[in-house]
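The residues making up each chain are set out below.
Protein chains: 2
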Amino acid sequence: MARSSSGESVLERVVRILEAFTPSDRALTVGELSRRAGLPPATGSRMVADMVTHGLLARDADRRVRVGTRLWELASRASPTLSLRELAMPVLEELHGHVGHHVQLGVLDGEQVLFVERLSADQAVINYTRIAARLPLHASSSGLVLLAHAPADLQERVLAGPLARFTPFTITDPGELRRRLADVRRDGFVVCGGFLHPEATGIAVPVRDEGRQVAAAVSVIVPNDDRARDRVAPLASAARRIEQRLLTH
Amino acid sequence: MARSSSGESVLERVVRILEAFTPSDRALTVGELSRRAGLPPATGSRMVADMVTHGLLARDADRRVRVGTRLWELASRASPTLSLRELAMPVLEELHGHVGHHVQLGVLDGEQVLFVERLSADQAVINYTRIAARLPLHASSSGLVLLAHAPADLQERVLAGPLARFTPFTITDPGELRRRLADVRRDGFVVCGGFLHPEATGIAVPVRDEGRQVAAAVSVIVPNDDRARDRVAPLASAARRIEQRLLTH
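Taken in sequence, the protein lines are chains X and D.
With our numbering, letter number 119 in the first sequence gets 119, and the count goes up by one each step, no holes.
With our numbering, letter number 45 in the second sequence gets 45, and the count goes up by one each step, no holes.
No lab work stands behind these hints: they were computed from the structure.
Hints are not guaranteed to be accurate.
Per the computed footprint, the stretches of chain D lying under chain X, defined by three or more beta-carbons under 8 Å from a beta-carbon of chain X, are [to be verified]:
1. 18-26
2. 66-77
Beyond 10 Å from chain D on every Cβ pair, some chain X residues (computed) [to be verified]:
3. Ser9
4. Pro90
5. Gly97
6. Asp183
7. Arg208
Even glycine gets a Cβ: it sits at the ideal position worked out from N, Cα and C.
Same shape as in the complex, but just chain X:
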């Protein structure tokens, strides 16, 4: 790999530039982008020009820079997560028509849940996730399902903390978290009332792949009321149907 005089590879810079964009900052000036990526202005400007030439970035009419449609296309059309998402989509749509609010599909990536799909109703209860957003494993229903079935070394790293508190209901005690993970494995679902937001309850179930390994979690986010548990049955049924589609595709 070609390296600059600072010993940094071109790929490192590409990734740092892409990491500078966020859902709330989808367009940046070259100056802002260089600062966020920690690059000298001349280097940032040259990198941006090259990335625009190759369609990885695009310039707005006002010369601000965005992630390129071509990059999205290249990343999406062969993405394993998109394949899972496409198989699951008809089931997620039907579940969303039934439960309303938010329906999500999440996968384990590193030490977090990465959400590969989210369907939201206009009047849905608040929550924090969106497509391609991440949440910590200990504080979300999808995260608890994925962590309960994760390799032991990952579980121990997460249990070793720190376990960030979001509300008074977030589990921050390692012993309690360990017991909840055992419950998830026994019950096959988890209900998390107010872990991330006091008014929202997350409910999640595992989705197993052809080899019976847990590949994803399907979850719904609903208001924090007595009816939350009524959603476990339709959610479990949706997970079984996604598994069936994984087996037969």
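Add chain D to chain X, keeping to what the hints say.
Quick look at chain D alone, frame taken from chain X:
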């Protein structure tokens, strides 16, 4: 930009490697990948190793290589197409619940339609598109809508041909195509019976952004029967609601 001894930039190689993956070839050996990308094996192997390190590619258990989840995340979370897609999604879901079959959201990219969303029913009529797939402008309903409102120079380039034939119903005559584009601008919708597949009809309407420019096309793919035109009204209504969401978000 750092260049190899062949004068090719690292970014060019990155793009060629990503282009080697397709929806039907989501996983490739390093050898296959190098051949498809036109790279010497040693160069391909080194590039793949660096791209895996940075999360742009990932290795399977069987050592085959895939597009990395991290790349999908970086490309998606700040993508302008994803922003449009997220705003449109509740409307697309409702339209899909009503019409069934396939509902799609496409944008103009280069001289093709790029589909940023597709909702499909299990028993839907056949069609060719999928998420992040492309179709030629002259042969799809979304393409005709986007082409009808595209800059004049793009229209002239497409009209100058070649206009590929997919079925006996595909428009391949430049004069006829020019007349159809005028019809689309006058009518505000287009119905394409059998352009891509003899059994499927595409119907598309434009979606305008805050500045009243056509930003996307919403389309449905339904069976090639008498009832196809009944879908124009719900489609037009969906487009108006997406425009309202673009205005108020």
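Results for each hint:
Only residues whose beta carbon comes within less than 8 Å of a beta carbon in chain X count, and the segment 18-26 of chain D has 7; three or more means the coverage holds. Check on the segment 66-77 of chain D: 11 of its residues sit with their Cβ under 8 Å from a Cβ of chain X, so the three-residue criterion for coverage holds. A beta-carbon of chain D is positioned within 10 Å of the beta-carbon of serine 9 (chain X); the least distance is around 7 Å. Residue placement check: proline 90 (chain X) does not keep its beta carbon more than 10 Å from all beta carbons of chain D (closest about 6 Å).
For glycine 97 (chain X), the shortest C-beta to C-beta distance to chain D comes to about 6 Å, within the 10 Å cut-off, and the non-interface label is violated. Once the 10 Å rule is applied to beta carbons, aspartate 183 (chain X) is consistent with being away from chain D; the minimum gap is 28 Å. Annotated as non-interface, arginine 208 (chain X) keeps its C-beta farther than 10 Å from every C-beta of chain D; the closest such distance is 17 Å.
Checked against the numbered hints given earlier, this structure breaks hints 3, 4 and 5; the rest are met.
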